[in-house]
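Q: Sequence:
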Amino acid sequence: AATDAAMGRPVDITDYVDFYSSIHHATNVGLMFRPDEPPLMPNWRHLPVAYHGRSSTIVVSGTPVVRPVGQLPGEGGPRFGPSQKLDFELEVGFVAGVANAMGSRISVADAEGHIFGMCLVNDWSARDIQAWEYRPLGPFLAKSFATTMSPWLVTLDALAPFRVNAPPQHPPPPPYLAGGEGADGERAAVDIALSVELNGEVITRPRFATMYWTMRQQLAHATVNGAAVTPGDLFASGTVSGAGPDELGCLLELTWNGTRPLEIGGRRLTFLADGDTVVIRGRAAAAGATSIGFGPCAGTVVPAVDGEQTS
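For the sequence shown, the numbering used here begins at 1 and goes up steadily by one.
I should point out that these hints are in silico values taken from the structure, not numbers from a laboratory.
Yeah, the Cβ is synthetic: ideal placement off N, Cα and C, and Gly gets one too.
Be aware that one or more of the hints could be misleading.
Distance windows between CB atoms, simulated [to be verified]: (1) Gln71 - Gly265: 45 to 51 Å; (2) Pro174 - Gly293: 32 to 38 Å; (3) Leu262 - Gly288: 34 to 40 Å.
Assemble the whole structure, with the sequences as input and the hints as a guide.
A: Structure (structure tokens):
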């Protein structure tokens, strides 16, 4: 019976890159952790910042997520144990369908011809592990333990009715990224209404069209040095956050790093507890077009292996 069917990953993921392309998210993080400095790093408006993740731990929606353990910052030095600041990150991804040869580049004009389809992504993040390990080379164990993706891919052809103009970029991007933001009236963004449910309660509703860097710019930047893309590579957008308080794509922002707890089901929540279920949903809709859903991107937190339960 259909009700007994289990969804698998829509493709075998060959490689994984995660970007940092929301100006609202990047600004909030900068204000949070560098209050005496400009919130955006000097490079942010000039290139789509990204890191390489771990493809072997990308799982399909519904797969339980084991709370990670690692080194945590503490007084007098690090301690070892389960993360106490486990977070979700609402993201949208695209999967490559056409390769380029090593040593060649994919231009912004050709980028969408290399994209097979789009999906929803949860880039689970252990904020305390990340805070200790990320300098100088960025996140490692704080994110490599699990990434959830929705169970099917939606093609760009199917999303054509939902294309919109991307936000303006200032200063203008460098020549190899120029036009990727939708110059000359091209609709470079996709308007997807997103939401996150925590234990059945919707806690945020951002829109994907607010992202500063577009998919075509992300792919052009990822290959400008001659790096090869292969079919099955997953590229995630980074946390999708809007300008409003009800449009923030992670608990780090929603609770301002735990200093402003949310009231969820009679509980004061800062970060995720064991047993919490996070469901990301997305739907594209426009007048005169049939709306398209992306399928759920869901995961439930289970206790750390050989670690105490976190409530």
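Q: Against this structure, judge whether each hint is valid.
A: Against the structure, the hints come out as follows:
1. At roughly 32 Å, the beta carbons of Gln71 and Gly265 sit outside the given window of 45 to 51 Å.
2. In this structure the hint that Pro174 and Gly293 lie 32 to 38 Å apart at CB holds, the actual value being about 36 Å.
3. Checked against the given bound of 34 to 40 Å, the beta carbons of Leu262 and Gly288, roughly 37 Å apart, stay inside it.
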